[in-house]
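Chemist: What follows is the residue order along each chain.
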Amino acid sequence: MNTVETKTNGGQPPSKAGDPNAQIAMKLRAFYHSVQDEALPQRFLDLLEKLDAAEGGVRRAE
Amino acid sequence: MDQEQTTFKRELLAVLPSLRAFAISLIGRHDQADDLVQDTIMKAWAKQEQFEMGTNMKAWLFTILRNELYSKLRKRGREVQDSDGIFTENLAQHPSQYGSLDMQDFKKALEKLPDEQREAIILVGASGFSYEEAAEICGCALGTIKSRVNRARQRLQELLQISGEGDYGPDSVSAPITSRAFVS
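If you're matching them up, the sequences are chains A and B in order. Just so we're aligned: the first sequence equals residues 5 to 66 in the numbering used here. Just so we're aligned: the second sequence equals residues 6 to 189 in the numbering used here.
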């Protein structure tokens, strides 16, 4: 699923470091990945647990 | 059924870090972005029957998040005349969120882009979508996405004053072109 991550390079072919577009692409990815690498807030995991449990309850009742 | 449910949850979890990064890149604030991600999870969960296993869960979730965001913004626009809007500059509230000064400058520049240019360059340049997928997520034509990405790149170069010359010395091929673009 996450393999697409490496597929594109800012939508352009690899370019040399001095290329302004390459610099922008690099900064953008660095920024995005710094957020992506943060630990997921516990609230999301709790929420999914709750949704899962609620669903299970409904199904048992049916 | 239970098996399918588990797969759905597992795939959703796998996409969450990227989905959250998309939200934070769009909005610039962790708290509001996390609220948006939470709404997106609930929407997606409620609509999971509509999702076809094996198709692109990531694109599906990004589309839901984007729709949530813009419907929120539309509501907000009707209520207040955006003095504390979702897209106003919020960097000051998170001065140490991002390590380097360089990163903070970049984030600030990103926030200055028009919404549609920002989302286009994030989807294609960071989230790993093709132009085609990004066009689908944004509900617009392929050519529109391409031109938004190009304009976003140019604008970011201007804002960050990246010309290829400053940091790396003049580049005989691109310098004349890029410097001409900045003379406006």
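Just so you know, these hints were derived from the structure itself, not from any lab. Each hint should be verified, as a subset may be incorrect.
With a cut-off of at most 30 Å between alpha-carbon atoms, the simulated DSSO-like pairs for lysine-lysine come out as follows [unchecked claim]:
no.	chain 1	residue 1	chain 2	residue 2
1	B	77	B	52
2	B	52	B	80
3	B	113	A	54
4	B	52	B	113
5	B	117	B	151
6	B	113	B	80
7	A	54	B	52
8	B	77	B	151
9	B	113	B	77
10	B	52	B	117
11	B	77	B	48
12	A	54	B	151
13	A	54	B	117
14	B	80	B	48
15	B	80	A	54
Quick caveat, the model's predicted, so the values are computed rather than measured.
Chemist: Hint by hint, note whether the structure agrees.
Modeler: So, going through the hints one by one against the coordinates:
no., hint, result
1, B:77 with B:52, "holds, 19 Å"
2, B:52 with B:80, "holds, 22 Å"
3, B:113 with A:54, "violated, 36 Å"
4, B:52 with B:113, "violated, 35 Å"
5, B:117 with B:151, "holds, 19 Å"
6, B:113 with B:80, "holds, 25 Å"
7, A:54 with B:52, "holds, 16 Å"
8, B:77 with B:151, "holds, 26 Å"
9, B:113 with B:77, "holds, 23 Å"
10, B:52 with B:117, "violated, 34 Å"
11, B:77 with B:48, "holds, 14 Å"
12, A:54 with B:151, "violated, 40 Å"
13, A:54 with B:117, "violated, 38 Å"
14, B:80 with B:48, "holds, 17 Å"
15, B:80 with A:54, "holds, 28 Å"
In terms of the numbered hints stated before, the structure departs from hints 3, 4, 10, 12 and 13, listed from lowest to highest.
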